[in-house]
Every structure is written in structure tokens, then in C-alpha cells.
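Line order of the protein sequences matches chains A and B.
The first sequence: position 179 = 179 (the working numbering), numbered continuously.
The second sequence: position 180 = 979 (the working numbering), numbered continuously.
If you're looking for bench data, these hints aren't it; they were derived computationally from the structure.
The model shown is predicted, which means the values in this text are computed figures rather than measured ones.
Heads up, a few of these hints could be off.
Each pair of labels, with its calculated beta carbon distance range [stated by the list, open to error]:
(1) E899(B) x P709(A): 31 to 41 Å
(2) A990(B) x G578(A): 49 to 59 Å
(3) R719(A) x V901(B): 20 to 30 Å
(4) D962(B) x A18(A): 49 to 59 Å
(5) S826(B) x N783(A): 32 to 42 Å
(6) S963(B) x P185(A): 43 to 53 Å
(7) P956(B) x A18(A): 57 to 67 Å
(8) P831(B) x P797(A): 34 to 44 Å
(9) G725(A) x L830(B): 28 to 38 Å
(10) K852(B) x R749(A): 55 to 65 Å
(11) P955(B) x A407(A): 55 to 65 Å
(12) G323(A) x Q1008(B): 50 to 60 Å
(13) G725(A) x L841(B): 53 to 63 Å
(14) P668(A) x P956(B): 21 to 31 Å
Cβ atoms here follow ideal geometry from the backbone N, Cα and C, with glycine treated the same way.
Here are the chains, one letter per residue:
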Amino acid sequence: MKISLNWLGEHLDHGLDAAALCVLLARLGFEVAGRERRGAAFRGVVVGKVLSRDKHPNADKLSVCVVDDGTARWNVVCGAPNVAAGQAVAFARLGAELPGGLKIGKAKLRGVESQGMICSREELGLAKDGEGIWVLDAATAPGRDVASLLGPADDVLDVEIAPNRPDALSHRGLARELAAALGKPLKPLPAAALAAASGAAFPVSVEDAAACPYYSARLIEGVKVGPSPAWLKSRLEAIGLKPINNVVDATNFVLHDVGQPLHAFDADKLAGNRIVVRRAKAGETLLALDHKIYPLAGCLTIADADKSVALAGVMGGEASAVGEKTARILLEGACFAPAEVRRSSQRTRLRSESSYRFERGVDPELAAAASARAAALILQIAGGKAAQACEAAAPGERRPPIQTSAARINAILGTSFSEAEIAGALRPLAAELKAAGGSLEFRAPSWRRDLANAWNLAEEAGRFLGYDRVPYRLAPLAPRAASLTPAECASRRIRARLAALGLCEAYNYDLLSEKALAAARLPSENLPRVANPISEDWAVLRPSLLPGLLRNAQHNLSRGAESVRLFELGKVYARKNGAVEELWRVAGLLLGPAMQARWQPGRAPDAEFADAKAVVEDLLSRAGALSWAGLDAPAAGKTASDPLFHPANSLRALAGATPLATLGWLHPRVARAHDLERAGVVVFDLDLEALAALTRPRVQARSLSPFPPVRRDLALVVREEVPYGDVERLILGAAGEILQAVELFDVYRGKGVEPGGKSFAVRLTFGRADRTLTDVEVGETVNSRVLPALIRSGARPRC
Amino acid sequence: MAPTSRAAWEQAYARVESALRSAGAASAADLPALEETRIRFLGRKGELTELLKALKDLPLEERKALGPKGNALKESFEAAIASRRAELEDAGDAASLKNETVDLTLPALRPPRGRLHPLTVTLREIADIFHRMGYDWAEGPFVEDERHNFSALNFPPDHPARDSQDTFYLEGLPLLLRTHTSTVQIRAMEASRPPIRVVCPGRVFRHEQTDVTHSAVFHQVEGLVVDRGAGFSDLKGHLQTFLEALLGRGTKTRFRPSYFPFVEPSAEVDVKCFLCPGSGCPACKRTGWIEILGAGVVHPKVLEGVGWDPEQWSGFAFGIGVERVAMLLHGVRDLRDFYVNDLRFLNQFDEDLA
Chain A
1 MKISLNWLGE
11 HLDHGLDAAA
21 LCVLLARLGF
31 EVAGRERRGA
41 AFRGVVVGKV
51 LSRDKHPNAD
61 KLSVCVVDDG
71 TARWNVVCGA
81 PNVAAGQAVA
91 FARLGAELPG
101 GLKIGKAKLR
111 GVESQGMICS
121 REELGLAKDG
131 EGIWVLDAAT
141 APGRDVASLL
151 GPADDVLDVE
161 IAPNRPDALS
171 HRGLARELAA
181 ALGKPLKPLP
191 AAALAAASGA
201 AFPVSVEDAA
211 ACPYYSARLI
221 EGVKVGPSPA
231 WLKSRLEAIG
241 LKPINNVVDA
251 TNFVLHDVGQ
261 PLHAFDADKL
271 AGNRIVVRRA
281 KAGETLLALD
291 HKIYPLAGCL
301 TIADADKSVA
311 LAGVMGGEAS
321 AVGEKTARIL
331 LEGACFAPAE
341 VRRSSQRTRL
351 RSESSYRFER
361 GVDPELAAAA
371 SARAAALILQ
381 IAGGKAAQAC
391 EAAAPGERRP
401 PIQTSAARIN
411 AILGTSFSEA
421 EIAGALRPLA
431 AELKAAGGSL
441 EFRAPSWRRD
451 LANAWNLAEE
461 AGRFLGYDRV
471 PYRLAPLAPR
481 AASLTPAECA
491 SRRIRARLAA
501 LGLCEAYNYD
511 LLSEKALAAA
521 RLPSENLPRV
531 ANPISEDWAV
541 LRPSLLPGLL
551 RNAQHNLSRG
561 AESVRLFELG
571 KVYARKNGAV
581 EELWRVAGLL
591 LGPAMQARWQ
601 PGRAPDAEFA
611 DAKAVVEDLL
621 SRAGALSWAG
631 LDAPAAGKTA
641 SDPLFHPANS
651 LRALAGATPL
661 ATLGWLHPRV
671 ARAHDLERAG
681 VVVFDLDLEA
691 LAALTRPRVQ
701 ARSLSPFPPV
711 RRDLALVVRE
721 EVPYGDVERL
731 ILGAAGEILQ
741 AVELFDVYRG
751 KGVEPGGKSF
761 AVRLTFGRAD
771 RTLTDVEVGE
781 TVNSRVLPAL
791 IRSGARPRC
Chain B
800 MAPTSRAAWE
810 QAYARVESAL
820 RSAGAASAAD
830 LPALEETRIR
840 FLGRKGELTE
850 LLKALKDLPL
860 EERKALGPKG
870 NALKESFEAA
880 IASRRAELED
890 AGDAASLKNE
900 TVDLTLPALR
910 PPRGRLHPLT
920 VTLREIADIF
930 HRMGYDWAEG
940 PFVEDERHNF
950 SALNFPPDHP
960 ARDSQDTFYL
970 EGLPLLLRTH
980 TSTVQIRAME
990 ASRPPIRVVC
1000 PGRVFRHEQT
1010 DVTHSAVFHQ
1020 VEGLVVDRGA
1030 GFSDLKGHLQ
1040 TFLEALLGRG
1050 TKTRFRPSYF
1060 PFVEPSAEVD
1070 VKCFLCPGSG
1080 CPACKRTGWI
1090 EILGAGVVHP
1100 KVLEGVGWDP
1110 EQWSGFAFGI
1120 GVERVAMLLH
1130 GVRDLRDFYV
1140 NDLRFLNQFD
1150 EDLA
């Protein structure tokens, strides 16, 4: 809200400059978002007439002008391209002072003396509006002080008023706060003496008294609509309002002066000489003052005998607007229920200074006085005769006083203010305050609807005594071993592991576009959707973290990255039984070489499936033994990310029957849609909730065998289609418990292996905890148990 | 064929001694040659070994006389071997010190190094300070109902206070994306009995156009304490402790009145600008103060709403924006950088993995 300090001065002699006022307002909880200086911040600048303009003899971009300042003629060097003979300009005479302390003296510019300066608006501290000098109306008389063209000097503050303080949404309202803080009295408002000369009545009926507890209609006849007087225009212009005409300006003035929205109708445009406050009828519309048509369905409206003429508390209609020819006006001063006005404003998406105040709550006892004040002002500046107001008023509710005590307020604040201090701070705010014998009775004035309990009063006491007087206290709250959630414990573990494995953490939005889903082959039917998206890009809640990571990979490749290793830990969503299921997951993406070691050939291979497998196995290490299944295996189940994976070159990791993670190549169509066909992307997607649920007993150290292990290497030729996993399982099954580990160390195809076959070289490690194994024992295990089993399955040992 | 008499043994001795002399251990060309010589004489079947073994077949008297002679020969040979070995090793070391250099300026073979997202690190830094002050970590759903996001927090229906919380609503469901982590205050209270001390970090959503300082998705850390006798001064004490832990000892704070429907009295908390000497910079909008927290005393309606008696229990709550803090601490100028995941951006945040 814009506050003019000159205007504020009509309500309170605060004796502060703008800077001090800003500090005080902030201390009271009114943040000042902006500050603007109006009027002249210069001296000695007059209107000058440019008599001639000639090119400077020694400079292409300068000109030499002769300027008449009403008393003499001066030679002036000017650099502006827009200066021309015949213009009226702002001329800084010798000795003039410009904003920032610049003094104008004689100066020689490239050999030509300049006896003053032709100014731009920017040089006068007025505005930054492009290049060139400020060209005034050519009819302005030379010699006139330019400051007099600008109106009075003023400071205008942009003050932020919280939604619970509608009482401060006016100059008087803010002055009231300052008066309380400074202990100074408010100046009385000018008396609104109305000689009720006209007896004309304009009956009012209110059909919904809860929505409109007070309505007054006052007829003013014989007004002469025209421009407002200069003082009024200047007041409105200072706070950024455009003067319209004397009647409308008078209502706007009262709105910003005391905070009461008012409306003036052209009474001759109202049918049936009466006002009805009622619900809009089905299909009823209003052409409002902003020239737009609004459907009124369900809204509270102001109607004449035939039709709605205003949307109550929001805006009047164009058809009954006050215009140049208006002679009879009907002045509305009303109080509307906040929720009523807010609903109307939201339904029509129409907001106004009026609706802004009504939806926050206007002092219910203000309308009558403010209407009288506006009527008196109209009579003063537009003439006419005012009638007695016709009113419809619901019985005013009398709110009970707040019963509390200084001790209670001190307890809420954690302070030890004396009763006198607290009462002293609250008294200027109260309609009535009784403080005696430890108890405190506070009756709030009609404009402070926000004050209802001890907590409200504690805030008021704190505000006026100063939040800085509340001590810093660390109460002896019992020390405790605070807990983390299981999800947070798992998140910390997994983030640390993934970062240690060389992946960078990404943060993507939870919202995706239909397009992004389609590019990732993910169906969108069962997904929760935002009813009011900002844009199509953020319309659907994500079913998987991977579309975001694919986008990130694409972005990084386009910025020249050769290796991308990213992970994200976040939520995914699905609609389930009329609700939304949200689940924590962690996903990752690997692309390009992991190591940066170009100088050593063969050391930096691109990421492959096995790299992602290492990451997933690492994360799942606490799940114990894993089994792997193709995505189409019945045991593998389904996850929302599945369609994004390559159907053949992907696997699901299961612990028992629980699917924990999926990893694999991208589906070729998904890779293509993200320009990643040639990049060799491996992705994984892991169920964080299942992982968090895995509990593991504390590690129990086992004793180490002092006996050396025995190793045997085997080369086994199998058919190309036999997976290594089968071979390993067979060996583990056949060898018995002395086999401690199986390690694949080579896969070979070529000379010595028949076409359509491949050779696995594996190293078997044998050992016992209680004694050294003999060669004989190991040889027997290999030759009579392991090899026969392998041979039976079709493998051939290669020597 | 071992000598069994003194004469024979002494003959053998002379032979070995002469052989030792001609073998010239002291002048062996290299370590293998030296080892070969050593084995020739002192190996299991070496000539000197055999000579010494033969002593045992001699009568005791003679053994006593000849034994020291044999051993002296052995010792002098061993000493010669050891001394030559030392010579050869030194020479070898000198050669390898001279010749075996590698290019140590080649770049390191770096394994890939991951990073935690700066928002993870900042959120955790903030929340962990409170965690160490005894606040339990609490979380809640991102998809919420109107009650937890608004009415239980004393945002009345049809009240303009809701305007500050531009909300994403879900299609066809009476649900929304939470606009603040204050929802978790309510959930934490519903799930327990007083007293309570929780820190609720997490992601929130606002229906806002994204720009340099705004994002439709961002993060907050909320805190709530309810206990007997907790008041505004405790709030000040806790937040001062927190801000000094985050920004350094002696951090100056300022509490200003404000308005949040779920706390009364409400406050906004500023810290003395830590980027300029208080003279004003863009970060503090030239005021010397940086707004960093919203806070206040829990509104009695919030306590009543979860069935706690505001005459017996009182508390305070506060909230802080993670992105804003991360931007201030790391000099990030555009909030959107956090959500693009450009590796050049992420790799800068070389914080230790907490």
C-alpha cells in the first residue's frame, strides 16, 4: 500500500523523517518494500526557450544553443541529439544545484563556453526514460521555476500490510499505529457537517443481512461533475492513482484516507428509485467499470428495481457509472462480509481496492461516518445538496472483552514486563482497558477484529514494547537422544554410497509433462494430475525418477560432458483407491567412461551393464543373497519404470520374493527420443522403501582361518547361449562347503574354441577354518564332483 | 669319501681354502655370481659345508683342534660374501636410482567422484543443528489434504492469508501439493503426546512462475517445540543458537513482528548481513539485514485442533527456506541452477560427504 508522508501528516505530527519512519514501521511489523521521493530535488532550474541551435565548431555530437531564461540570453553547449530551436526546456542556470550535489558553473567545452545546462529528466532525478533532454510544453513561460511544475515535495512509501491488519490499510490506520508507538495523539478528522436539505429518499432493502450487515444509500442532487481541485489530484497522484472526476476522486480519497470503500452511482441510471442487496439471479451478468462482462451467478449484488448494478464490495457497473452529465448521485457506504466478497472476487477473478479491503475485513462501524465524510467532500468540490442517508443495518454484534493477565502475557512472551508496562503498551490500542489486581480486561475497538485472545495481546505488547526486549532464553528442556526416521537413515546411507561410487546427486521436479512421459514410454493414465498446472511442462506427478535423469543426461551431453553419472532420490506417485500413493525411490544413470585417464590406453572403458550392476549390488549388500530375473519372469513383478527399460537387456534384483531394483539398458525407442542412442546409457531404479525396511543385526566378527587357501583354475567351453550365472550356480552346487569363492577372470572366444561356443576361465578358492586342505582333497572335489557336474550339463573342460 | 683322518682333513682344508681363494668371492661380478659362489661352498652340499661336516667323523681331540680352524674359514668366507653383497647392492641401487625414473607429472588416475546435491548438504546442515539440539527428525507426505495444509494451521476458509500460499490442487481428488512443511507439525502432533520437539525438513510446492528467486518446487526446514512454559523467549534462544551454529559465533539477529496464521505472536527473523559490512549489498537489498526465518509462538487454535490444551501446553515453531540459505552461503545467483543438474554446477560443491 502506498503511503504519502504529506497525507500522513494530516493525521499525525510524527516528527520523523522518511528514513526514521521506515525503521519504526518495520519494528511495528510493517515492512517498507519501497520508497520514492516526489517533487524537485534541485534548485535554480527554470524554463528556458531554445532560440537557436548550431553545430559545435569543434565537435560533431555537440551543439551550441542560445537559451532565453526570461531575463537574459545564454550560450549553452548541449550534447543531446533531440535539442531543437523553439523548444521549452529545463534550464539549469549558473549556480543551480542538481540532485547529487552537482553545482552548475561556467565551463569550456571543446573551446566554447557554456553558461548553464539543458537538463534531461534523469539529470533532475525524476526518471530514467531514454536519452535526450526533457522537452516541456512549448507554451510554458520562460523563467518559471521547473520545481513548481512538479508539485510539492513528498516521500511515498510502499508499505506491506499483512492480511490480518486491514485496519492499517489507510493513511489514518497507519497513523493510528504510529501514534500508539510514539505516544502522540491523532489529529481529529474534519467535521462532516451535512445540512440535510433534500428530503429525497432512496429506500434500501438487504435480503442477506449476514452478507451485508450495513448498507447506506445517500442521494446527492445537483452535483456538477468535473475535474477535482489541484490538492485532491495531487493527493491521489502521489499514491499512484489517476484522478477521474471530482465525485469518484472524493470516494477514492476517503478510501485511502480512512479505509472505507465507497461507491457512487448515477442515480438517474438506477431503475425504480430503490436499492436491493441480494443474490444474483441465474444468468445475470454485469458490465463492470473495467468494461468487461462478468457472470454473477451466486454472488451478492447491489441491484435496482430491475437488475444488478454492482458486484457487492468488488466493483460497480459501467451503465450506472458517474459521468460528466451526472447530476444526481447515490453514494453507497456499506459493510460486506469478508468471505462473501472474497468468494465473489475469486469467482469472477476480479480484484479491486475495494475487494482487497472487504475480504480482509473493514471496520463495520466505519461506513456511516466515512459516507458522511465523502458526502461533505462532494458537496464542497462538486456542489449539490445531500439527503439523509437511507440505511439498512443488522444489529451490531458486541464482542466480549479479552480477559487475561499480565502474567499470562509474560508467559507467552517469556518475559517479565511489569503490569504497568504491559497495560501502558496496550492502552493506546484498546477501546477500553481495565488493569487491576493482576487481571487485565481489554476491549478491542471495532477496527481491530484480529484481537480476540491473550496471544493476540501478547503480540501487541511485544510489538509496542519491542521484540528486542524479549530475552534470548534456552529453557532447561530435557536433553534427549533425538531420533531420525528410517527413511532418513536409509537416505543418508544410500546417498553416501552413491556419491562414493562416483555418482552426482540430481534434483528434478516432481511434475512432468505428458510429452516427457511419452518419450520415456511411460503410460500416464493412472497418474495424479495437477488441476491447475502452471504450464504443460508440469502437469503430471512423476511415476518414475528416470525421465528427469534422462533429461539431465541430454542436457549435460549437449554442454560437452563425455561422462555422466547421476542419481536422484525422490518420490514417485500413483493413484490408488481414490488417493495418491507416494513412494521413495532412488534411480541412477551411467554413461561414458568412469575414469579420466586418456593417456593410458584401455583404462577408461565406457559404462556398461556390469558397472550399474556393481552399483546396485553395493546398495543392496544388506539384503543378503540376491537373485536375478528377467523383467518378463513371473517372479519379477512389475514396476512403473519397466517400459523404459530394454526388455531383453535388463534384470530385476530380488531378495527372496521381494523385487528391490531394476537395472539395464534403455529401450531403443526411449534412447532415440532422448538423443542417447549412441551414448550407451545404463540406468537403474531401486525401491528405497523396501531397502529402508531391511534391518540387519549388528555385524559379528568371525575368526579368520590361519590356514592358507588352495586355488584351482578351470577353463570351461560352453555354448554361446549358456549364461555365466548357470555355470557359477552349478559349480557352487557341486563343490560342497570347502569351496569358498568362484571368480570369473576371462571370457574367451576364438582359436581353440569351436564356433558358437565360448570359454569361461574361473578361479575356485578352497579352504577350511580348522586345518590345511590337502591337494588330494581339492583334486578329488574338482575331478569327481565339479567337473562331472559341468560335463553332464554340456560344458567341456579346456586344457 | 669324506676325510676320516686329521691328515686327510687338512688336505681337504687346503684344497677348499685354495678353491675359495681362486673363486674370489670378493670380486664376484654380480649378485647371481656371488650367490653361485656362496652355494658352491656353503650350500647344503657345498665344499665348505662338507668339510665342516667331516669334522664330526674325527676323534674328539682332533675335532677340538681342527674345529676352530674350519669355523674361522667359514666365518671369513661369510664375511667376504656379506661385504661383497653390500658392495654389489649399493652399486645396483645407485644404478637404479640413476636409471629407473618415471614421469611423475602424468595426471592422476582418478576414480569417479560423486557429489551430494548442494540442497541435500544445506538441508542436512540446517536440520542437523536442530537434531543435535534434541529435535526428532519428522517427515510427512507431499500430497496433502486441505486440513493439514490449511485449516489445522488456522488458515480459515475464504481467508486472504491463503493467497500467500499459491497452491497446486490435484485433478479429481480433494488433495493438494503441500505448500509448506508446517503440515508435518500437525502430523507430528497428531501422532504423539506433548511434549514434542521435531524438525521437519522437506520438499514443498507453490503455484509460482519460476525465476531467479522463485521455483514451483523448493525445500523448507520447519521446527516445532511444544512443552510446558515454552514461550517467545525460548524461540529467540533456540533460533539464536541455531543461527550462530550455521553462520558463526556472534551472529547478530533481529526479530520483527510479522504474520503467519499458525503462530501468534509471529516474527520474521533477520541476520546481520554476512556478505557486506552492514553497509548494504544486493543480498541484503542494501539494508544491512538478511531476512532468513519466519517464526512465532504456536497459535492456541493449532494446539486445540490436535486436542492439546493451550492452557497447559505452549510452544513455538519456525521455518527456513533451504534454497535461500544455499544461495546465500554459496553465492548462487539463479535458483533454477539447482534443478538443471548441470554437472559443471554440481561438481563445484566439493563438500565432504556428510
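Structure-based check of each hint:
1. E899(B) x P709(A): 31 to 41 Å: Holds, since E899(B) and P709(A) (Cβ atoms, about 34 Å apart) stay within the stated range.
2. A990(B) x G578(A): 49 to 59 Å: With a Cβ separation near 23 Å, A990(B) and G578(A) fall outside 49 to 59 Å, so the hint is violated.
3. R719(A) x V901(B): 20 to 30 Å: 46 Å Cβ-Cβ, so the 20 to 30 Å window is violated.
4. D962(B) x A18(A): 49 to 59 Å: About 29 Å separates the Cβ atoms of D962(B) and A18(A), which means 49 to 59 Å is violated.
5. S826(B) x N783(A): 32 to 42 Å: violated, 54 Å
6. S963(B) x P185(A): 43 to 53 Å: Given about 35 Å between the Cβ atoms, the range is violated.
7. P956(B) x A18(A): 57 to 67 Å: violated, 39 Å
8. P831(B) x P797(A): 34 to 44 Å: For P831(B) and P797(A) the Cβ distance comes to about 40 Å; the hint holds.
9. G725(A) x L830(B): 28 to 38 Å: The hinted range 28 to 38 Å is violated for G725(A) and L830(B), with Cβ atoms some 50 Å apart.
10. K852(B) x R749(A): 55 to 65 Å: holds, 60 Å
11. P955(B) x A407(A): 55 to 65 Å: violated, 30 Å
12. G323(A) x Q1008(B): 50 to 60 Å: violated, 39 Å
13. G725(A) x L841(B): 53 to 63 Å: Cβ of G725(A) to Cβ of L841(B): about 57 Å, so the range 53 to 63 Å holds.
14. P668(A) x P956(B): 21 to 31 Å: violated, 52 Å
Hints 2, 3, 4, 5, 6, 7, 9, 11, 12 and 14 from the earlier list are contradicted by this structure; the remaining hints agree with it.
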